[in-house]
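**Student:** Protein chains in written order, with our numbering: chain A, 1 to 253; chain B, 1001 to 1851.
The hints are simulated quantities; they were obtained by calculation from the structure and are not laboratory data.
Incorrect hints may have been included.
[To be verified] With a straight-line Cα cutoff of 30 Å, these simulated BS3-like cross-link-like pairs (lysine-lysine) come out:
| no. | chain 1 | residue 1 | chain 2 | residue 2 |
| --- | --- | --- | --- | --- |
| 1 | A | Lys127 | B | Lys1479 |
| 2 | A | Lys127 | A | Lys89 |
| 3 | B | Lys1693 | A | Lys94 |
| 4 | A | Lys111 | B | Lys1711 |
[Stated by the list, open to error] A few chain B residues that face chain A, going by a derived Cβ cut-off under 7 Å, partial list only:
| no. | residue |
| --- | --- |
| 5 | Thr1076 |
| 6 | Gly1482 |
| 7 | Thr1483 |
| 8 | Gly1485 |
| 9 | Glu1490 |
| 10 | Val1576 |
| 11 | Glu1754 |
| 12 | Ala1760 |
| 13 | Val1844 |
The C-beta atom is built at its ideal place from N, Cα and C for all residues, glycine as well.
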Amino acid sequence: MTTEPSSPRTAAHAVDLTKIYGKDDTRVVALGGVTVEFAAGRFTAIMGPSGSGKSTLMHCMAALDSSTSGEVYIGDTELSGLNDKALTKLRRDKIGFVFQAFNLIPTLTAKENITLPLDIAGQSIDKEWFDNVIATVGLADRLGHKPNQLSGGQQQRVACARALVSKPEIIFADEPTGNLDSRSGTEVLSFLRRSVREFGQTIVMVTHDPNAAAYSDRVLFLADGQIVDELADPTAEKVLERMKGFDAVGQQA
Amino acid sequence: MIRATLKSLAARKLRLAMSAFAIVLGVAFVAGSYVFTDTIDRTFDDIFGGLSSDVVVRPDLPGEADLFAGFATGTTTTIPSGLVDEVADLPGVERADGDVENQSFFVLDSDGDVMTTQGAPGIAVNYHDGPVADGAPVLELVDGELPSGPGEVALDDRTFEDSGYQLGDDVQFVGTGDDPRVTAELVGVVRFGESGSLAGASLSVFETGYAQQLFLDGDDAFNRISVTAAEGTSAEQVRDEISAILPGDFEALTGADVDEETASAIEEGLGFFNTFLLVFAAIALFVGVFLILNTFSILVAQRSQEMALYRALGAGRHQVTRSVLLEAFVVGVVGSTLGLLLGLGVAQLLKTVFGAFGLELAGGLVLQPRTVVISYVVGIVVTMVAAYVPARRASKVPPIAAMRDDVVSTESSRRVHLWVGGGLTLLGAAAMATGLFADVNDAALMVGAGIFAVFIGVALLAPVLATPVLRVVAGWYPKAFGTVGRLARENALRNPRRTAATASALMIGMALVTAISIVGASANATVDKALDDGVRAQFVVSNAVGQPFSPGIAEQVGQVDGVDEVVSVRMSGGLVDGDQTFLQSFDPVAYSRAADLELVAGTDELGPGQFLIGEDQAESKGLSVGDTVRLQLPGSDEDIELAGIYAQSPLLAGGVVVSQQTLADGAVPSLDSMLYVIADDGADLATVQDGLKAATADVPTVTVQDQDEYKQQSRDQVNQLLFLVYALLGLAVLIAVLGIVNTLALSVMERTREVGLLRAVGLSRRQLRRTIRLESIAIAVLGAVLGVALGLLFGVSLQRAIADDGLEVLSVPGGQLIVFVVLAAVVGVLAAVWPARRAAKLDVLRAITTE
Ligand SMILES: Nc1ncnc2c1ncn2[C@@H]1O[C@H](COP(=O)(O)OP(=O)(O)OP(=O)(O)O)[C@@H](O)[C@H]1O
Ligand SMILES: [Mg+2]
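Here chain A stands alone, though its shape is the one from the complex (with noise of 0.2 Å):
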């Protein structure tokens, strides 16, 4: 769709990306062909029905999975020429991710689960950045700790600060609230609207929840793998409203 006139770059985006799931029985279009434009330094949250495709659109632009057509781009690269080994490195060096669920390795510390892709990169720390992102995690005094001695809204945290530690092009984040509860979620969901407006950091946020989307600068809405509308600056009333819009339209369908 268009791209929003003060951003000075886009941090991803796809043209025409279709994906197709199976064959003829049980062939399934999970997208098809989505046109759009991730901008550098902006909270995007996508929205939509279950089964809309918005996992989907995710795991394409954030090459873990592959397009049935359609290119998309991380900054200036294309992902379809791409093979493993060049798709492993910019996972590593440029792309965050935030799962819903099971985002830390259960053997190692919150500290080294956060250094995690650095680690494997060889990459050494910057520890002025490290501490800064610990600090806005607000996880300091719990880095020696394993997963199991932290809570679920810690764990997303720890997550979250792995994600943003070595500093991707842009982080895809798939409903990284939708285990927890309102008061943990809105822990996350602020720290991952600070990065955005204190360092800069670009995400892409898959939600069912208005209040989540609320945090991001602007939402798009998704329907049978079509972006179907898109909203800036939202708040919940305002995309509640939309989103019982759609609902209609999708029982009229």
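Following the hints, position chain B with the ligands against chain A.
**Tutor:** Okay, now just chain B with the ligands, sitting in the frame of chain A:
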């Protein structure tokens, strides 16, 4: 519940197949050993069944029938021909034929090489047409004619076929007469019994008078009498009738008893094979227990949510236990079936190998119902016993676990492990110590049970031991390999019980290999020491398989230029105070020039009716110079006097030494077992050796060796046995490797999401593979370290235990042990190949989203 169990079984085919592999191998050994022994028994019962006449008369030997057979010397006591006539005249006797028989008359083929395989006798007999018990003659002429005078011979058909001789050729023989070489014209070919199989031996047939000339110094005498009962008289009746008139040093037996004795002596001789295979079956199954226990534990752990769901849905504890045991049962049945089939293969392989070495086992394999039953019982019981603990654990999964993520092993079960494991280890160690150092019956059993208990104890302790050992073994990983190393170390440490159980299988194999290698190295070191310190003679003349040879050889050797003295050593069995005893016989004065012999009491002037003994034996028997013991030989029964006590030396092992006259008086054939050759001072040893070789060239049954060669030969004998044992222990290690593969594969599956996550945050396939490889190496090295430690303990105690029985020197092959640990690391790398590849192939997205 049963349906659900079978479904889950089908879904885990591969993992269960790997755990069943140990059962398959174990059962294969059990089945193979039974099938093979049954086949051997059948073969020899066939060969020797119905081969004797109705009644046999022979010299009465003291002790058990095989006491003297072991030295192939028999007895020089013969049966005068007058006695044959006397027996023939008895009313119940139809006919009586005198037999001449010799077991050390070897056929040389047309190239001059000895034809029989190592250790098999060269049998020579006289010909007569007396029938065996069932009426048929023993020998059937198949070609040419029967030998009818001096210088003629007939050979059995198998020997004939392999020999390269034609009828009319001169056949060469090596015997034990004063002139060892004999030549005779081949006039006929005979077939022995129905099958023609002689179990590797050769058979030469001579006319009676010529046979007496060759083997009995021309006396008109015999070694046995074959008696045929008259019509209407039973063998037992005839036997009793003959016994009544026999002088005391002869005995009469029914042919059936003789046949059975012969067959069972050979079967017993091969019986060590059975024991050997069964021991390895036990090892394979023992190792297998750990593998199965581990596999089921992991499967149960993985399914704890499923189990909890069953429990939440109302299934009782017993139902859960039973469903796991049912799985084990199915695995046991499948494993046993495959094992039985493989066992038949093993038996067939052994049969083929034996055939290739000339010991042909006629007919097919014998599969008795007993073998089938044992195979299934062993396979199923072992599997279910191993699965019992995991099954119990499964039933303890609380229904609430269905909602939880992980079920951690409770602290209390760890304490139980510690106590039970520690207790068993101590008990086992105590049993070993008792068996080793205290004077108890069944010492070997005590040591064996002790070792077994220590194994299980340490295996139980392993989870506790694993953590500190792994911290060392894998401690340097993070430094050397960064994050990949840290992940590997943490993975190895995360479930010590599982890691330990996996390593335990390897531990057992390694412990055995280590113990054996220590015993082997000690045996080699003992041989070296015995020969280095003990032997001064420059050359040794001996027979490769220990068969005795003609005293004529000593004479020929003595005439070689540069030979100062030849010391003859003879060996025999005998009863000393009623105990079967190994006797050596030589002139101590001459012997002390050739080898180490130092008197600590009495004299080395050893006369007839006297003996020497080592100081340890003298002490344990409470003998001092002048005391007497009772010595029974085939032809004598007398008290002999202790003339001297010698210092313990590994070469003589402290045994009883008698004079050669004593043996000869006891009707033991005067044959040499070994000659020490002392060269003249300053003689050129190479020239002397050439001379010795030339002097014995026409007697291919003996070899001349200098000290180095002799030492090497002794060492080779030890090593040959070791290699066989290593090969079989290799199987235990193979099972252990499969255990590691299995555990790793299961762990990787268990960690699918983790793997996906790591890949998502940028871990490359290569790094992932390395992580798994490092984990595998840590497990393997853990097993090897524990195993080598245990093996050291076992090996050293074994050596200590038998130090007095000839394993005097302790040698720990340090380099070899290090090689074992390094090999274990290689094993770890290999075991990781497949699981690592699987993990690397996982699709990132699918791995993350997997449930
Ligand atoms: N691996 C797959 N194989 C086949 N079909 C799939 C696969 N993954 C997703 N789909 C289908 O693609 C469509 C989009 O799925 P997707 O997971 O992107 O939805 P979503 O918007 O993330 O839903 P939710 O809000 O429930 O997470 C759905 O109809 C789904 O059934
Ligand atoms: Mg989704």
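**Student:** With reference to the structure, classify each hint as holding or not holding.
**Tutor:** To see whether the hints hold, each was checked on the structure:
1. A:Lys127 with B:Lys1479: Given pair lysine 127 (chain A), lysine 1479 (chain B) holds - Cα atoms ~20 Å apart, limit 30 Å.
2. A:Lys127 with A:Lys89: Holds, because 22 Å separates the two Cα atoms, which is no more than 30 Å.
3. B:Lys1693 with A:Lys94: violated (83 Å)
4. A:Lys111 with B:Lys1711: violated (64 Å)
5. Thr1076: This hint is violated: threonine 1076 (chain B) lies away from chain A, its Cβ roughly 79 Å from the closest one there, beyond 7 Å.
6. Gly1482: Constraint on glycine 1482 (chain B) satisfied, holds at 6 Å.
7. Thr1483: For threonine 1483 (chain B), the interface hint holds, since the closest Cβ of chain A sits about 4 Å away, which is under 7 Å.
8. Gly1485: Since chain A brings no Cβ nearer than about 10 Å to glycine 1485 (chain B), farther than 7 Å, the hint is violated.
9. Glu1490: Check passed: Cβ of glutamate 1490 (chain B) comes within 3 Å of chain A, closer than 7 Å.
10. Val1576: violated (68 Å)
11. Glu1754: Hint holds; glutamate 1754 (chain B) Cβ to chain A Cβ min 6 Å, cut 7 Å.
12. Ala1760: holds (6 Å)
13. Val1844: holds (6 Å)
Hint compliance for this structure: hints 3, 4, 5, 8 and 10 are broken, all remaining hints hold.
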